[in-house]
Structures are given as C-alpha cells and as structure tokens.
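On the provided structure of chain A, position chains B and C as indicated by the hints.
Those sequence lines, one after another, are chains A, B and C.
Going by the numbering used here, the first sequence opens with residue 20, and the numbers climb by one from there.
Going by the numbering used here, the second sequence opens with residue 319, and the numbers climb by one from there.
Going by the numbering used here, the third sequence opens with residue 308, and the numbers climb by one from there.
No wet-lab data here; the hints were simulated from the structure.
Predicted model, so just to flag it, every value in this text is computed and none were measured.
In this text, a Cβ means the ideal position worked out from N, Cα and C, and glycines have one as well.
Some hints here could point you the wrong way.
As the list claims (entries may be wrong) - List time: in silico DMTMM-like cross-link candidates among lysine to aspartate or glutamate, alpha-carbon distance up to 20 Å:
no. : chain 1 : residue 1 : chain 2 : residue 2
1   : C       : K737      : B       : D551
2   : C       : K325      : A       : D169
3   : C       : K716      : B       : D367
4   : C       : K515      : A       : E47
5   : C       : K515      : A       : D123
6   : A       : K53       : C       : E349
7   : C       : K746      : B       : D551
8   : C       : K352      : A       : E47
9   : C       : K687      : B       : E428
10  : C       : K716      : B       : E397
11  : C       : K589      : A       : E47
12  : A       : K180      : A       : D169
13  : C       : K763      : B       : D346
14  : A       : K69       : A       : D184
15  : C       : K552      : A       : E206
16  : A       : K39       : C       : E349
As the list claims (entries may be wrong) - Going by beta-carbon spacing under 10 Å, a handful of chain C positions derived as facing chain A:
no. : residue
17  : L356
18  : I363
19  : K385
20  : A389
21  : K463
22  : A469
23  : P484
24  : I487
25  : K493
26  : F530
27  : D575
28  : L724
29  : L727
30  : A728
31  : N729
As the list claims (entries may be wrong) - Covered stretches of chain B (in silico footprint by chain C; criterion: 3 or more residues with CB under 8 Å from a CB of chain C, positions within the stretch not fixed):
no. : segment
32  : 368-377
33  : 424-438
34  : 464-476
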Amino acid sequence: MDREKFLDRISGAQKRAGRKIPSAEFSEEDVVSKPAIVGTPLEAFKRNFKANRGTLFESIDDLIKFLRAQGYKRGVIDAKAGAELPELAEEFEMLKSFDRANPDEAQFGVSRASMGIAESGALVLKDCDTADRLTSIAPWMHIALLDKTDIVQTIPEALAKTLTDTPYAIYVCSPSKTADVEGILIEGVHGPGIQACLLI
Amino acid sequence: MFNPPQDRVIGKRVNFMATCLCDAIFDDAAKAAVEVLRHFGAEVVLPKDQTCCGQPAFNSGDFASARKVLKSAFRAFSENDWPIVVPSASCAAMLFHSSKIAFRNESESERAEVDAFASRVWEFCDYLKNCLGVEKIGGSFSARIAVHNSCHSRGTPTPEALRSLLLSIEGVELVEFEGYDDCCGFGGTFSVVMPNISSELGLAKVNAISAAAPDIITAPDTSCLLHQKGIADKNGIDYPVMHAAQIFRDALKNGGLL
Amino acid sequence: MATQPIDDFCAKIKPSTKSAVGSASKETTAARKRIFEAAYPEAGKTDALRGIANAIKGQDLAANVRRAAESLERNGVKVLFAADAMEAKEQIAEIFKAEGVKNAVKVKSMTTEEIGLNSFLQSLGTDIVETDLGELIIQIEGEGPSHIVKPAMHRKRDDIAASFERHHVADSYDDNPQHITLNARKYLRKKFLAADAVITGANYVLAKEGAIALITNEGNARFSMAGAKIHIAIAGFEKVIPSAKELAVFLNLLARSATGQHSTVYTDFVSGPGSAKNSPQKMYFIFLDNGRSDILGSEFAEILKCMRCGACMNRCPVFRLISGHAYRATYPGPLGIVLSPLLAGERFCEYADLPKACTLCGACAEVCPAKIPLPDLVLKMRDLAKTKHCKVPNDINFAPFSFLATRPKLWRALVPLNRLANFLPLGAVKFGPLGRWLKTRTLPSFRGGLFRKWFKNG
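Pulled out of the complex, with its shape left as it was, chain A reads as follows (with noise of 0.2 Å):
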C-alpha cells in the first residue's frame, strides 16, 4: 500500500475517534527500580548479574580456573575483544574467527561488552565494538569483558546511549533460556548455557 494512503487510514482514524492525546511525560524517578539500583553501579551491576545467573569473573585466573574445570579446551575470540588475553592462549587453543561450518568447534567465545546496567545486570554488545555475531552466541560458554568504567546505573541511562554509535546492541541478562517444556526453566537453549562476565 501506498505510504500516503496508509498514514490517512492512522490520522483518519485518529481524527475519527477524536481523543485527546494525554501527556506521556515521565521522568527516571518514575521507571528506575531503587532496590535495583542501591549500591555504586558497579556493586549493584555484579549483583544483579549474579542474581541473573551470570558466572562474574572479578580476575583472568579466576576465569581460567573456572574453564580449565569445565574441561574445556578451545575457546574463540572476537578480533574487537579489545584485550588480547595470552595468558589463555598459553592455557588454551585460541581460534581467532569463528567457522560457521563448525558451531560447536569452540566451547567459549571471547568479546567485548560496550556497556553494563547496573539496573538490570545486563550486558551491552554491540556491532562496532563486535567482528563477528557468532563468537558471543554459538559457544556454550560466552566472556564478556567489561571496563568496570562502562557501567551506568539506570535502564533508561543506558538507552539514551545504546543506538548513538552502532546500528545494533543487544542486551544480554543471563544463560539463554526457555521455559518451553511443561514450564521447567532450562539454560542453554540457542545462546550460552553459561553466560560470564570478566571485569577488566
């Protein structure tokens, strides 16, 4: 249909019905969840994470510990993780790109957080700070590495700064997870089972 024609159907409507459009005026005060928030960002941020599920990770030994007991011996690393991280090199064998041909190839994907919320314990990827999609989605295990000075406190502080310099960011709470069958809560579904975050 005819763009035109499409918006006369809205403001015919619209005209039509003859509603008043009320005020949608709100402020932060209004949204913002204060339990959520109490602490300095980055107390409230690794709470909020934990109680999220998340594996936080405060040291690289710490996370190397965690991998080497998961087993795991090959991980993969975003080309923008911005951080090259040889001490797992020295651990583990580190793909550089990920193989669409072989998504399982890596168990943990490496790459960088842009942001973290403090409110939602979310982390923030986004393209320009991401190579490729796949490293932070395929692998069971995903790292994010967050500059402790990239936390903002609020939902509604970090829109304001989610679409201003990349065309996509997604926010990222937890493991993956479904509660699809008979309403029994699994992790793991398409995305990582075990969603972890390495505070740098």
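Showing chains B and C alone in chain A's frame:
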C-alpha cells in the same frame, strides 16, 4: 477496576434497593441489611417501584433492554436525591460503573442523569463504613468465616470495609483460602451461557473454601453465593452461606443490641 | 439449538492439558505479583508506571509512524506498508523471490501468526522454520499457539519427545526436558546457519531512532540475525513508540508482566543492516494495518495498547480452565475475546461468542501493564455482537425480562407468585437456561415479595 465515582452523595436518610434476587429469593438478607442500617442510625425508605438494575440484560450485551430497566430505576428512585444503598456489590457496580457504558452513546442529558444517579449509589458494607462511619459492628458472632470478595467489588472500598467490619465483631475469625480473589465462575448469565465452565470454576471455588473448613461463607453479594451454594448442594458438600448483612444482624442480636 | 463451542471445548479438554495450563498460568500470575513488589516496593508506583505506559501508547500514531518510517529509511532499511494480511504476505514473497531466499527462519511473532505467514510461504515452496522452542514444538505438529507467550503450554514432555522423534528433530525418543531443549539446540543451529533470511516481528518500533526492539529469552533472534543475510521485520503500526526513552517504561513492565522476570534475557535493538561480519546485510520493515486503523477509529482503540505479555490470560479464570485453543483464533484470553472478532472483519459474527467467554470478574484489568479496561471492552463487544445481530448459541432473549422490569406494578404482582414454583418439579427441566442451571446446581426456595411485605409491616 469497578471504581465508584468520587464525591458520592452522602447522608443518613437513604433509599434501599433490595435487588431482584432479594425481592425474589433472599428476603432475609435484605431484611438484615435494613435492620443493620437502622441500628446505625440510618432512616431507610423502600421506593416501591424498584425492580432490577438491568445487569442481566447488560451483561448479555442487550444494552437497549438494560437502558430501559435503568431508566425505570431512575424513575423509581426519583422521589428524593438521597443515597441509594444496595446489598450487592455487582448491582452497585452496575449502577455506578456499567450504567455509564450502557448510556455512552445516548444524549448528553441522559448521560447527566446516569452520572447523577451513579453518584448516589453505595454498596451496603461500603456505605456502613465509609458514609455512616461505622468502625465497629459490636455484639458477638462465634464463627470461622470465609469471605468471598465478589468480583464486582474489585477496585472498590467494599472488600476492605467488609473485612474490617467482620473483624470488629467479637468471636469472628477470618479464614484464608487459596485463590481468595479468584472468580467463582458465576458471572450472571455466564452461568447458563457457559454452564460447563461456570460449574467447574464454581466447584473449584467451593472446594478451595471448604478446604479451609469455615463455619460460614459470606460475601457482599447473594448472587455468587447462590451459585456456590447450588453447586455445593449438588455435590453433597456442606456449605453454609450468609450474606454479610445477616452476619452483622445476628452479631447485634447475639449481643442483645438489636 | 447449536451448542456453545467454547463451553463444549471445556467439557472435552484433556485433564492433562487442563492441569498444565491451569497450574502454569497460576504460577506465572504469582511470579508477576512477587516481582513487581520486589522491583517497586513503593505504594502505587507499579500502578503509576502502568498509567504512563497507557499514555505512551495513546500518542499520535500517524505522526510517529511517519517518523519511524523516515528514520528507518535513513538507517538503510527498506520500508513497506501492508493494508492487510494478504498484501503483507505477498510483499514477503516478493522479497524472497528478488533475493533468492529458499530457506528462512522465523523468530516468534504473533503478527506473523495473525496473517498466516508460514502456510503461505510453505505453499510457495519455501522452507520456513520456527526457532522459538515452543513455536517449533507446535509447528512440526501443524498446531497454532495456545498462548501468546508460551505457545506450547498445552503440551506435555512425553508427547513433545515423541513428536521430536517422529519429525527428526531428535534422533531418538527422550523426554527429559533438558535433552528436549538440547536436541532443539542442535537441530536449530543448523537451520540458523543455513538460512538465507530471518523473519521477525517487533515488540517496539522506536520512531526517533528508526529501530526495532526484539525481546526474547532463548537467543533465537540474536542467532538468526547472525546467521542470515536478509532480515525482514513486520509489525502492526501500533507497535510504534516515540523514542528509546519511552522504551524504559516497557522494558520495566513487559518481562515482569509476561513471565515474572525482571528482564528478558535478550533485548535486541536493530536499526538497519549490521556492521559485524555475520549479520544481515539487508533489512526490510513492513508496517501492517490489517484492521488496526478501523479499531483505532472505534471505541475499542484501547486494545491496540496491548504489549502481548499474556498477563491477562494467565490471570483469567476462564483461560486457565479451557486453554488457548478453545478460542479458535490467534489471540486467546481476555485480549483475544476483544481483538480476535475485530480482526476478523467481515467474519465478525463467527467469533461473536468469544466475548461471552468471560465472567466479567475484572482480574485481567488489574494485571494489564497498559491498563487496558478489558472488562469494559468485553461488554462493548457483546453490545456490538448484538447490534450486528450475530447469532450466539445459548444467548438469552431479554425482551420479556425488560418488559417486566420496566412495569413496576406488574413486577410487584408477579414476583410473589414465584413462590408457587416451589411446588413444581423444577428438577425435571432439562432445557433452556433453567435446565442448564439445574444440571450442576440446586436452587433455593423462592420467597418472592416477602421482603416488601416485611418492610411494609415492620
């Protein structure tokens, strides 16, 4: 949800609207309500031309019939402009909320008449507590009581008024049960338009309440109780029901106050 | 007299389905309540937020849709407008043809269910695979969703496992829910990576930014938008909100209302072709009307504020008992009994019994995150059905009642006569409203006129 209008007409001289169910079946609930109102100082008149609030037709989508019945009610209560007290949450909601929907496309003067009427309508417990200012019923009534809210009291002051008034009676203990604010499946004509669904919901409600083993089941509405009691009887379940007004009246009598 | 189809459905439904739907719905309602209390302990804050959502959804849609279209185009998105379901399907088919799409994946979208997209594309020889686990479960059996958020809530693990084996999603029968999920994971990642195109809906369209927001838990949106090179999104025009700022309101309401989570796992923001290596290089967006502008101009416009969370159906006593398929339409529950007949257009009367499947208890309106006055809309639907002279089974003629109730003298004379009925064998009545009442209930004694007599003498 079914919020009454703000700034309702107040006063101690009131019209009593018995409702068609009390007129036809539950005479004692209406009697009790009048006795309680009088005890707390209300002067009660019973306009003789009253019939029904139009709810059965309205809920069935027959708005034209509902409007006729409502207009008849407006005439029946036109001798004064006092509050109208109704011992039924659903009839009250019909008169102060749904009537506006029934008349939404009618003339401005008719809508004004509806608004004026709506602002006079009080559900019985709401009136006692929030217009007469009754905080304590007094007397005594020794029973474990299960309260069914009646869905049309949702969003109104009735559930709170009913509970606090019951608790003001010596000997009353309120019992909790699962799904206390779930519908019992009556739904007016729904009960015979969708009889399987209605009956199954009703039995679930009766079972949930019975599991709490109350001595009495009460509500601010005779209609929900009619349905629940009917289902309980059919299933051989002991299910003693009383309208809230009957409990208040009996408490006053037990205390020698009435 | 035709029987009442929804009520018959209730009588015949499998006990296992009934218990699955009932308990899952109750649990989700309870989780919703707990999570809002945790997020907003301040009195009235949740309620106020719902009010803000209602106001945002009541903004000038004509202006915002225009702005959204322009912003999307500025971001490199090809924007199309579809008047109805058929036009939308043809537009998608044309894109598939032009781009050479043979294999497509879909991210759960009620709008595509509404227009019947899958069967249309399949009839053209395209392989289209649902990637939400619940949607996959029902798609392979050729079923429609029974709930807008939990499409397979009526299914049990054993029959899902058998179905997965039969349709080669799994190599063998395994009814462990974890293994069912892992089998779907293995099966679907091949589909994600082989897909030429991905079709999504849009939970929100941000007019200012020219972007859509997609809200999922499983990550299928992310994965399909990493696998496929073409992205087609379609949404009703009512999904447009002014900007990302307003999205804060909905991100705080939607997941809590839908599943009792603070947030869904993934929120995708897509404003055009991606810049990462594996991402769609082309994006199309289709604005759909399909009856919406008629609704917008009617007294049912509030239903367009719906954000498809499913809280109303989770809370509905009738839905909990009969499950979504009883409604015979894409949208079930309190939302559906208003929306489905309206979307049916000329076939309105076929769905005129749906608004009857409501006790008017009002519980849905208490949980609706957009504060839609659902019971009022249901009543207006019943009025509309009556005005259109739709025939609804078990409907009662109220003309005799209103005749009597508008004649006070006659009423006063007749009501006391009901006591005579106490001497009649009413139990023998098997038909009509009274027969339907007495089948499962008793009636107390009639005591017509006794109250008035008492009042007069007292």
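Holds or violated: are the alpha carbons of K687 of chain C and E428 of chain B at most 20 Å from each other? The given pair, whose Cα atoms are some 19 Å apart, holds under the 20 Å limit.
Decide if the proposed pair is consistent with the structure: K515 of chain C and D123 of chain A, CA atoms, cutoff 20 Å inclusive. violated (39 Å)
Interface hint compliance - K385 of chain C to chain A, C-beta minimum distance less than 10 Å: Hint violated; K385 of chain C Cβ to chain A Cβ min 12 Å, cut 10 Å.
Within 20 Å, alpha carbon to alpha carbon, are K716 of chain C and D367 of chain B? Given pair K716 of chain C, D367 of chain B holds - Cα atoms ~7 Å apart, limit 20 Å.
Is K737 of chain C close enough to D551 of chain B, meaning Cα to Cα at most 20 Å? holds (18 Å)
Does K180 of chain A pair with D169 of chain A here, judged by a C-alpha cut-off of 20 Å? holds (11 Å)
Please check whether K463 of chain C passes as an interface residue: C-beta within 10 Å of a C-beta belonging to chain A. holds (7 Å)
Within the assertion that chain C covers the segment 464-476 of chain B, do at least three residues meet a Cβ-to-Cβ distance smaller than 8 Å? holds (count 4)
Identify whether the interface hint at N729 of chain C stands, where standing means a beta carbon of chain A within less than 10 Å of its own. violated (50 Å)
Next item in the hint list is L356 of chain C. Is there a CB on chain A closer than 10 Å to its CB? L356 of chain C check passes; min Cβ-Cβ to chain A is 6 Å, inside 10 Å.
Check of the segment 424-438 of chain B against chain C for coverage (Cβ-Cβ below 8 Å, three residues minimum): Coverage by chain C is violated here, the residue count being 0 at a Cβ distance below 8 Å.
Is the interface hint satisfied for A728 of chain C? The criterion is a beta-carbon contact with chain A at less than 10 Å. violated (49 Å)
Taken one by one, the earlier hints fail for this structure at numbers 2, 5, 11, 14, 15, 16, 19, 22, 28, 29, 30, 31, 33, listed in ascending order.
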